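Based on the sequences and whatever the hints tell you, model everything.
Going line by line, the protein sequences match chains A and B.
Heads up: the first sequence runs through residues 145 to 353, numbered per my numbering.
Heads up: the second sequence runs through residues 681 to 995, numbered per my numbering.
For the record, the hints were derived by calculation from the structure and aren't laboratory data.
Quick caveat, the model's predicted, so the values are computed rather than measured.
Don't be surprised by glycine CBs; every beta carbon is placed ideally from N, CA and C.
Keep in mind that a hint or two might mislead.
What the hints assert, rightly or not - Across the chosen pairs, the derived CB separations fall in these ranges: (1) Val207/A - Pro977/B: 56 to 62 Å; (2) Asp825/B - Ala226/A: 49 to 55 Å; (3) Pro751/B - Val269/A: 38 to 44 Å; (4) Arg228/A - Arg765/B: 57 to 63 Å.
Unchecked claim - Computed cross-link-like contacts, DMTMM-like style, restricted to lysine to aspartate or glutamate with a CA-CA straight-line distance of at most 25 Å: (5) Lys771/B - Asp836/B; (6) Lys326/A - Asp980/B; (7) Lys294/A - Asp267/A; (8) Lys294/A - Asp959/B; (9) Lys863/B - Glu799/B; (10) Lys326/A - Glu337/A; (11) Lys329/A - Glu930/B; (12) Lys863/B - Glu886/B; (13) Lys326/A - Glu931/B; (14) Lys329/A - Glu886/B; (15) Lys991/B - Glu297/A; (16) Lys912/B - Glu154/A; (17) Lys990/B - Asp894/B; (18) Lys863/B - Asp825/B; (19) Lys329/A - Glu285/A; (20) Lys333/A - Glu304/A; (21) Lys329/A - Asp980/B; (22) Lys990/B - Asp836/B; (23) Lys991/B - Glu931/B; (24) Lys912/B - Glu930/B; (25) Lys990/B - Asp267/A; (26) Lys990/B - Asp331/A; (27) Lys912/B - Asp271/A; (28) Lys990/B - Asp271/A; (29) Lys991/B - Asp166/A; (30) Lys294/A - Glu337/A; (31) Lys990/B - Asp959/B; (32) Lys326/A - Glu930/B.
As the list claims (entries may be wrong) - Some chain A residues judged to face chain B by a derived CB distance under 8 Å, without partners named: (33) Arg175; (34) Ala176; (35) Ile284; (36) Leu286.
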Amino acid sequence: MNATDTNLYEVLELIDAATSQDIDRAYRIARATYQPASTATYSLFSDDENAEILQRIEEAYAVLSDPRMRREYDARLRRDRASRHTAPPSAAPKMVALPVRENEPPAPSVPDYSLDEPDEPDDGVYDGPALRRVRIRHGIELDEISARTKINESHLSAIEQNRYDHLPAGVYLRGFLREFAKCLKLDPKAVTESYMALFIAHDRRPGRA
Amino acid sequence: MNVRRRATRTVTPEAARLPARVWAIGGGKGGIGKSFIAANVAATAARSGRQVLLIDADLGGANLHTCFGMPAGRGPNLSDFIEDRIQDLDKAAEETPIPGLRLIRGALGHAGTADTSHEQRTQLVQASRGLGADLVIFDLAAGMDRATLDFFLETDESMLVATPEPTSIENAYSFLRASFYRKLAHGLRDSPVRDLVREAMDQRNERGIRTPTDLIAEIERLEPAAAENLRKLISSFRPRLVVNQVRNREEVKLGFSIRSVCRKYFGLDVEYLGYVSYDDLVWRSIKERRPLVVAYPQSDSAIYIRQIVKKMLQP
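Pasting the structure below:
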C-alpha cells in the first residue's frame, strides 16, 4: 500500500475544509478505533491490519495537524486534481484496496460529531436535569467536571438535582454555573441566568426565611 | 387496556401526495433491543402527527404487541397475508393504544418469512406502502436469513441496531456483510462479474478476496466496465447505525468507530444516527408494557430516541 496514493483527509474521514478541531477529534477517534484488540475492529481486522491502518492515521495526522505541512499538502492535492481532470481516464491513479481510495470515495460524508456535543433544552430552561442531560449526552462524568473546575462534586450534584437548599450563596453559585456551563460547551451567560432565575424564585417562596 | 380510537386522519396536503416511506430496523443479534427501538421510534413518529404502520416481521418470535400492552391476538396477522389466507394486508393492521399508530403482528412460533420468495417480500413492502400510512416500519427478526436481509435492503431506510458488547458488534458486521453481498448478488445478477461476487462471498476463496474493498479492487482490475455499476450499487446502500444500551462516554464513541470500520472494510457509508443510554426506566417501561417515550417521555433514553427519529425524518 502506497501512502501517497491515498488522500490524507480520507484516511481520517474528514472533508478538505476540516478545522483543526475536527482533525484532532477525528484523530482521537481513529486512534481509539484501530488499537490492537479494539472492540470495534477485532472481528474484522487482524492486529497487523490495525497497525497498518494506525500507521496511516499517524502519518495523516502528522501532516494535517501541522498548519505549514497541511498548506503544502493542500496545494499538492489541488495540483493533482487539476491535472487529473485534464488527463485521459486511463491515466487516473490506480486504486489501492485498503483503506478508502482517493479518486472515488464510496459516498462522501463526514460523521455527525454533534452526537458527541450537547444540545440546548427544548424550552431554553437550564434547570438541573437539563444540565445533567447535556452532560450525559456529552459523556462526561461529574468527577471529571469536578477535577477540571475544582468545584466540589457534591455542589455539582446538588445543581443537577435542583437541590437549591444545598447550594452555596448566590455569588458562588453563579461562578459554579459559569464553569459548569463552559465544561459542557454551553453559553455560560444563558445557563447562569436561567438557573439563577429558578434559584431566586425558590429562595423567595413564602415560608422561607 | 383502553384502546383509544385512532384520531381522525389529519393528513396534510403535502403528506397526502407523498407515498409512505418504509424503514427497516434490524441488527443480526437477538436481545439487543430492536423491538424496543422499533416500538419507540414508531410511537415517537406517531406522536409527531404522522400515521404510522409498524410491521412485526419477526414471525418466529413476534412480540411487538407486548411492547404496547396489547394482548395476544387472534385476528389476522402477517402470516395470514404471506400464506394467502387474507388478500388485503390492511385487514391485518390493528389499532394500538397510541393514536396514529397501527400494528401488523407477526405470529408467535410461526415458521417465518424465510419460506417466502424474493418477489413476495418485495410485494409485501410495496403493499405496505398503500395502506394510508405516512411511515411504515419493519421490525426485523434476529439472524440473517434471506427474508430478513431482503427487508433490510428493499426498504427506503435501514437502521442497524447494535449494543456495545463485542458479540453484538461482531453480529452487526456479519449482518452488514451478508446484506452487502446479497445486494451485490442481486444488483449484479446479469453482470459478467456475478461469479466473482459469488466467489468472494466465500471467505476462503482462492483469489484472496477477503474484504469487500478487495472485491471492488479485483472487479476494477478485471472488469473496469462493471465497476461503475458496482460503485453505484454500493453507494445506494446506506444503513444507519443506532447504538443501544450505552453506559458511558467510550461507548458513545464506539458508534464513530463502527462507522469508520464500515468505511474502511466495506467501503460503506454508515451514518451514526445516535445512541440510547442504558437506563432503568427502559427496563421499567418494558415491564409495564408501555413504550418508553409514552411512559417516561422526559427520561434520557426517550430524549435520545426523539433525536434519532428527528434525524430519520429529515429529508
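**Prompt:** Can you name, in rising order, the numbers of the hints this structure does not satisfy?
**Reply:** The structure conflicts with hints 1, 7, 8, 14, 15, 17, 24, 27, 33, 36, although it agrees with all the remaining ones.
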